[in-house]
Amino acid sequence: MTTVQEHAPNPAAGDPGRPIGYGRIQRKEDPRFVRGKGNYLDDIVLPGMLHGAVLRAPVAHARLVSIDTTEALAHPRVLAVITGKDLQALNLAWAPTLSADVQAVLVTDKVRFQGQEVAFVVAEDRYAARDALELIDVEYDVLPPVIDARRALDPDAPVIRDDIEGRTDNRIFDWEMGDAAETEAVFAAADVVVSQEVVYPRVHPAPMETCGAVADFDPVDGRLTLYETTQAPHAHRTLYAMVAGIPEHKIRVVSPDIGGGFGNKVGIYPGYVLAVVGSIVTGRPVKWVEDRSENLMSTSFARDYIMQGEIAATKEGKILAVRTSVLADHGAFNATAQPTKNPAGFFSIFTGSYDLKAAYCKVRGVYTNKAPGGVAYACSFRVTEAVYLVERMVDILARKLEMDPAELRLKNFIRPEQFPYANKTGWVYDSGNYEPAMRLSMQMAGYDELRREQLEKRERGELMGIGVAFFTETVGAGPRKHFDIVGLGMADGAELRVHPTGKAVVRISVQSQGQGHETTFAQIVAEELGIPPESIDVVHGDTDQTPFGLGTYGSRSTPVSGGAVALVARKVREKAKFIAAAMLEARPEDLEWEKGRWFVKGDPGAGKTIAEIALGAHGTMALPEGIDGNLDAEVTYDPPNLTFPFGAYICVVDVDAGTGAVKVRRFIAVDDCGTRINPMIIEGQVHGGLTDGVGMALMQIIAFDEDGNCLSGSFMDYLIPTAMEVPDWETGYTVTPSPHHPIGAKGIGESATVGSPPAIVNAIVDALAPYGVTHMDMPCTPARVWEAMQGRHGPPV
Amino acid sequence: MQIPAAFDYERASDVANALALLERHGPESRVIAGGHSLLPMMKLRLARPDWLIDINGLTELDFILREGDQLRVGALTRHTALLESADVAGLFPIIRDAERVIADPVVRNRGTIGGSLCQADPAEDLSTVCDVLRALTVIRGPAGQRTVPMADFHQGPYETAVAQNELLCEIRFPIRPRSGSAYEKVERRVGDWAVVAAGAAVALSADGTVDDAAIGLTAVGLDGTVPEAEAVLQGRQPHEDLFAEAGRIAAAACDPVADRRGPVDYKRHLVEELTRRVLRRACARAAGAGQG
Ligand SMILES: Cc1cc2nc3c(=O)[nH]c(=O)nc-3n(C[C@H](O)[C@H](O)[C@H](O)COP(=O)(O)OP(=O)(O)OC[C@H]3O[C@@H](n4cnc5c(N)ncnc54)[C@H](O)[C@@H]3O)c2cc1C
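Chains as they are written, first to last, in my numbering: chain B, 1 to 797; chain C, 1 to 292.
In short, the hints are calculated from the structure, not lab data.
Ideal placement from N, C-alpha and C gives every residue a C-beta, glycine not left out.
Treat the hints with care, since some could be wrong.
Going by beta-carbon spacing under 8 Å, a handful of chain B positions derived as facing chain C [what the hints assert, rightly or not]: (1) R497; (2) M699; (3) D717; (4) L719; (5) E725; (6) P782.
Simulated coverage check for chain C against chain B, where a stretch passes if three residues somewhere in it have a Cβ under 8 Å from a Cβ of chain B [as the list claims (entries may be wrong)]: (7) 60 to 68; (8) 121 to 128.
The shape of chain B in the complex, shown without the other chains (with noise of 0.2 Å):
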């Protein structure tokens, strides 16, 4: 790997070979956690803390009977057994979801899909709380639970969710992008047009370290400090203040270091408010952490996708159109983590890269006896769905007219003049220059030679495949008059000081899991400021500690909190010019700023650097009107637009015939995220979400049998990819800028998980070609590879 330099130092900073602003950089949280010191959710002890336990549904479906806890009260290590009528008592047995839907916290009624919380157990320590679950004995009525989305609707279907007044059937909602007649149009007088069903089955994020939550609820000053393992602790305060009834100002939530998130944690699980009422009923302070099989079964899953694609275009390769038809299955809640005006996210930026005469969708959302969720996965909103179906359709498309696939993707490039760009489904694209990604992956690839290595090899019988994907990602949401969560407007605050000696702390609304927000976020303000970053503390993931703002999903943090920390660093620089020329005795219209310090201009010697200024501002000195004593500001920042980052992916791999395993042998991944803040952060990112992609194009999955068992509860079965099935990453990158981003960066975190499993699965249908294999759906496991190559291949199950 290289070393890019990519902002030429500070001179004025001291050690000339280091980056003062962007570069690369190590991280900043790095020491704690490689020494073994960071402080995750499960480290943390109270005094007198107890544990709780969740007992599960072993069932799909069912009408809950009796629950006799007796038993489990007379367990000499148990304080408490808390079940849906008790928190049915306190009006708790109900919670709102993030898309305008009810979750059970407890079964009241009846059990909803596999796993459910049924019963909640607070003991001395976590052996007897789960010795306890086993001494509850439930009673309940089986029946017929809906396992196949495609089974949703049908009339004899049982209805989930007769709890909502009126409900007859297992609708959730219709909803539609784009111009039907228009796009019906363009598909009747075209050339060419292919169609294929595309399935994205259900995965899961699966973070290493599972949810959980510490409640403490101090009885005297009723107040309630809650740790959490969450994404967006501010979101989370004020839905716990409108739903527990604890005034707002009462409630700290706490998010502390987080093994990994990828959207299972943003909303809130049953556990979290378990904890809280185990907290309130025993007085003492309870912790609750969900193992491994109760994240995968009951969190909050990803995808679920049953896409009908449609692609029209003349017979010389120009694409017209992109239509589709999307059965989306939301499990027993619609609990999915998006905005409120988006019931199928981003998903209708499914018109992907290509410059369209028309596009249309219409998505409908059903009710399954499967645990809640759907957005997660660092899926951008549904974005992931949406460009693996268009590179999926385009490649079936390359197929058809007998194009090369990159060829065909470069004819129908929206074109760099073209930027900003409104598609047919009412995204203005921010900007853009695609010809040059995708020829630099190319040359990276070798991609001719790859051709043809590809042809002697089939010559020979060998099944080598080059799958060729293009993105483009939506992210960054708000502006906030278009983007809210459960009516909270998609805005971040961020908030800084300079302190007297000119360290300074950035206090931030995101939480990172992983991404290295401290590094990251110190590295902005101190391009902005002029002083190391090593200088700045970044504060966040405390509610008591930092200022509003929705959380990191959707690859926001950069696009928004990023946002507010260049612009709140601005105004400090802007007041800082003022307390400057009051010390320099000059106009401050007469300064000048380099990296670091205002100086007069055509004098550079007479400067004053950021921390003199922040010595001044705190001394004694006579501040200029209107500036008060210190060198702070604050902003919330309510981005005009998201931003659109992009990337060209090739992969290639080499399918063994006999077996029907897949390697993947090369994986080149050519992204552009607007500005580069950390290179290196940017690298991990990508490396991670391809690492993700190989996951859910070969061998992920979290499946149910008829009766509603999940058969992916555990690592046995849902599995992760390790170093042995993902090549060495070859990664580039072009910079092409966000026009109304302060310093002009897109977001980078879910790029390569949204770009990879179509470049993955093109490769393996590209390999399959000589047996006749147009499209395969993932999981791409020898077994599913094999019985594509014997003409039987079915959407998996």
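Once you have looked at the hints, place chain C with the ligand on chain B.
This is chain C with the ligand only, laid out in the frame that chain B set:
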């Protein structure tokens, strides 16, 4: 965190002590070696022994010894030791082939050959290896020591000749001249249990014909080797057509079930394909091998 039901624990000092402890604590006591099969089952509360008798201190069961015409391997020998042993690799390349694809380094550092054989999981790899190498097991119990050939060791999934109050102490592999062996496994991901695996061992006569062949299959519902397929090779010059025929017979002989790893016909296809591959490799190795 998954938490097992309550249990008691005692650490044995030697084989005699381990046997005495098993006797004392009765039928609800279980030996624990590497713990990589037993502990996951306990955490899922599928196994709930009252007592664990820890045999990890029994260094007398941790050895790899070449003695005359056999290789003796102690039951407490870790996967890693088998993987790294030059003796093993030279004499029985199938063991190294298999060990490379058993679990991951963390599991291999603790898991033992004795635990693997006693667990007798249908997808377990070393049982197939021991089957085709026609190994002998050495078992000790209150009544003393007995040797049991692999053919009689397995008594169905998770069932072996080792009684609850006995210990598997040693596995003995006969060393044969002009022999070769190989193992190949298809898995969904490294460290996963086999979709299907096949192992073969062959010994050649001086004229290059097959003197003895053994074929074993993993995870396809077959105990022991596949005599019908082995018979095809007997006395013949190794040849692709023979391997293919043996593969077809093996595919017909096995009894796989459909599961998350694949449908029945795919598993049969793999048996055919892998049998062919391991025979080819075992014969090539035998042809290159010396007098042993
Ligand atoms: C993630 C993972 C992946 C794995 N993948 C594979 C794989 O791909 N292929 C494979 O073959 N295996 C695999 N294994 C199993 C692994 O090889 C285990 O180590 C092995 O099966 C058991 O060995 P152990 O020493 O850990 O046995 P333990 O778990 O200690 O014991 C297993 C059983 O054997 C009994 N036992 C142990 N030693 C003796 C003895 N000397 N005498 C009598 N009884 C005894 C115990 O009482 C227990 O019933 C995997 C395990 C894990 C955790």
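Practice task
Provide an ascending list of the numbers of those earlier hints which the structure does not satisfy.
Solution key: Those not satisfied are hints 1, 7, 8.
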